[in-house]
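Engineer: The chain contents come next:
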Amino acid sequence: MNIQTMLLQLGGGMMVTVEIFVLTLLFSLPLGLLVSFGRMSKNGIVRTISKVYISIMRGTPLMLQLLVVYFGPYYLFGMKISAGYRMTAVIIGFVLNYAAYFAEIYRAGIESIPVGQYEAAKVLGYSQAQTFFRIIFPQVVKRVLPPVTNEVITLVKDTSLAFALAVAEMFTMAKQVASAQTTVMPLMVAGLFYYIFNLLVAFVMESIEKKLAYYR
Amino acid sequence: MENQDQVLLSIDHMKKSFGDLEVIRDFSLHVKKGEVVSIIGPSGSGKSTILRCATMLEWMDDGSLSYLGEYAAKSENGKSVYQPKSELKKLHRHFGLVFQNFNLFPHYSVLKNVCEPQMLTGGADKETAEKNARSLLARLGLAEKADAYPFQLSGGQQQRVSIARALALSPDILFFDEPTSALDPELTGEVLKVIRSLADEHMTMVIVTHEMQFAKELSDRIIFMEKGVVAAEGTPEEVFSSDNARVREFIGAIGAG
Ligand SMILES: Nc1ncnc2c1ncn2[C@@H]1O[C@H](COP(=O)(O)OP(=O)(O)OP(=O)(O)O)[C@@H](O)[C@H]1O
Ligand SMILES: [Mg+2]
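Top line first, the protein sequences correspond to chains A and B.
Sequence positions in the first sequence follow numbering that gives the first Met the number 0 and run 0 to 215.
Sequence positions in the second sequence follow numbering that gives the first Met the number 0 and run 0 to 256.
There's no promise every hint is true.
To be verified - The calculated EDC-like cross-link candidates involving lysine to aspartate or glutamate, where the alpha carbons are at most 16 Å apart (straight line), are:
(1) A:Lys121 - B:Asp199
(2) B:Lys192 - B:Glu216
(3) B:Lys73 - B:Asp11
(4) A:Lys121 - B:Glu216
(5) B:Lys88 - A:Glu118
(6) B:Lys215 - B:Glu236
(7) A:Lys141 - A:Glu110
Said to hold, decoys possible - Pulled from the structure, derived: some chain B residues nowhere near chain A, Cβ distances all over 10 Å:
(8) His91
(9) Arg92
(10) Asp171
Derived by calculation from the structure, the hints in this document are not laboratory data.
Please read these numbers as outputs of a predicted model, since none were measured by experiment.
Glycine included, C-beta positions come from ideal geometry on N, C-alpha and C.
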């Protein structure tokens with residue numbers, strides 16, 4: 000096998016990795032906000048459910064969660080698992096897991112906003128929704144950016160866990176090619192790929208941080 | 000109707016507790032159009048709580064509250080019964096509140112701080128809101144600061160912006176909760192000057208303050224609070240010459256007797 004075919008195969012893996020990454024963020028960032036609302040809800044039942052959810056998601060291995068999402072429908076309901084469900088299961092697993100981490104980050108951010116901001120908005124006649132989306136949330140975004148960046152960098156590396164469900168992402172492909180060709184070259188390419196991916200992530204997050212540095 | 004004797008704010012027999020702590024025991028206040036009322040008294044006597052109940056940041060336990068004869072809450076069987084939320088929201092246009100620590104929105108420019116409330120809750124279009132904001136800012140000596148962000152301003156400037164923000168909604172009555180207490184002494188003057196100019200224009204105001212000299216000069220009426228009740232009330236002359244021992248002691252301690 001020449002370098003070209005190897006890169007071609009790894010290239011397919013890269014696309015899958017990027018897909019997992021993008022879809023996970025796309026769904027878990029908003030879902031995390033909903034969970035954080037549940038976590039701070041006045042309703043005790045909603046609060047408890049959110050708390051338990053977060054604690055399970057953060058307290059058990061992501062790989063195990065992926066297996067549960069994939070095999071669960073068969074063992075629990077006897078449903079037939081199609082091959083196409085692999086990727087869906089990976090996305091569901093990642094989204095559920097990351098939403099829990101984001102929820103706690105949002106919660107800390109929301110709780111760090113001084114109560115005076117809510118009071119000023121209320122006296123000025125802002126509705127609750129206006130207060131949240133115009134006054135509170137923009138300030139929360141700025142405050143949670145550093146911890147969110149950490150999670151996003153972890154996510155880049157975590158995508159490799161999708162190999163647990165034999166989804167052909169970057170790492171799975173690299174391992175396959177490496178053992179077939181008895182060379183570590185593909186693994187080194189994979190390592191380089193994750194590294195560059197994260198340099199990119201850091202760069203993007205840094206520019207967002209810079210953009211929000213116009214106020215304190 | 001629109002005469003000098005019109006009562007803008009009525010508070011009758013307000014009571015408020017936090018848990019077992021009775022903070023306001025029986026407080027009534029009627030403010031007429033154009034009046035300036037100052038509330039003074041020792042720390043913890045309930046001054047802020049009165050303003051917070053009047054501006055509906057807190058709910059009274061008992062008593063009634065109304066603006067221009069429109070009730071926010073009436074006392075029924077020893078409890079305050081509030082109007083539905085939609086009704087209360089309409090009453091918000093009657094008052095403004097200036098906080099001790101400004102509470103400007105840090106992610107908005109000065110101009111946006113003053114404009115957005117007008118557009119969201121005052122029903123103004125962008126152009127009107129901006130024109131109004133700029134003229135208010137100019138009046139308060141902040142014309143050049145329109146594009147600055149709050150963190151770039153001194154405390155005195157921030158407080159003036161927050162006054163502009165409140166004035167922009169043309170409230171009938173403006174409450175101040177220790178507007179200069181968070182400021183360095185050399186900055187209090189500029190804020191007091193603004194409040195004084197508002198008084199000259201007959202803005203109706205209720206001011207909680209520790210600035211005794213200022214209260215004495217400016218107020219039509221001074222209320223001295225102690226432990227949740229009015230310990231003395233009257234014109235500045237009456238209160239400052241009161242023979243109530245606690246009042247004398249307090250005014251003496253503050254150093255403006
Ligand atoms: N949300 C609250 N929960 C519990 N206690 C409160 C709350 N708000 C105020 N209090 C208590 O009520 C009392 C009156 O408080 P308030 O802030 O009205 O006093 P104040 O006269 O404004 O004092 P200061 O001059 O220090 O501002 C204080 O004992 C205070 O600790
Ligand atoms: Mg106070």
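Engineer: Broken hints, numbered, in rising order?
Structural biologist: 1, 4, 8, 9
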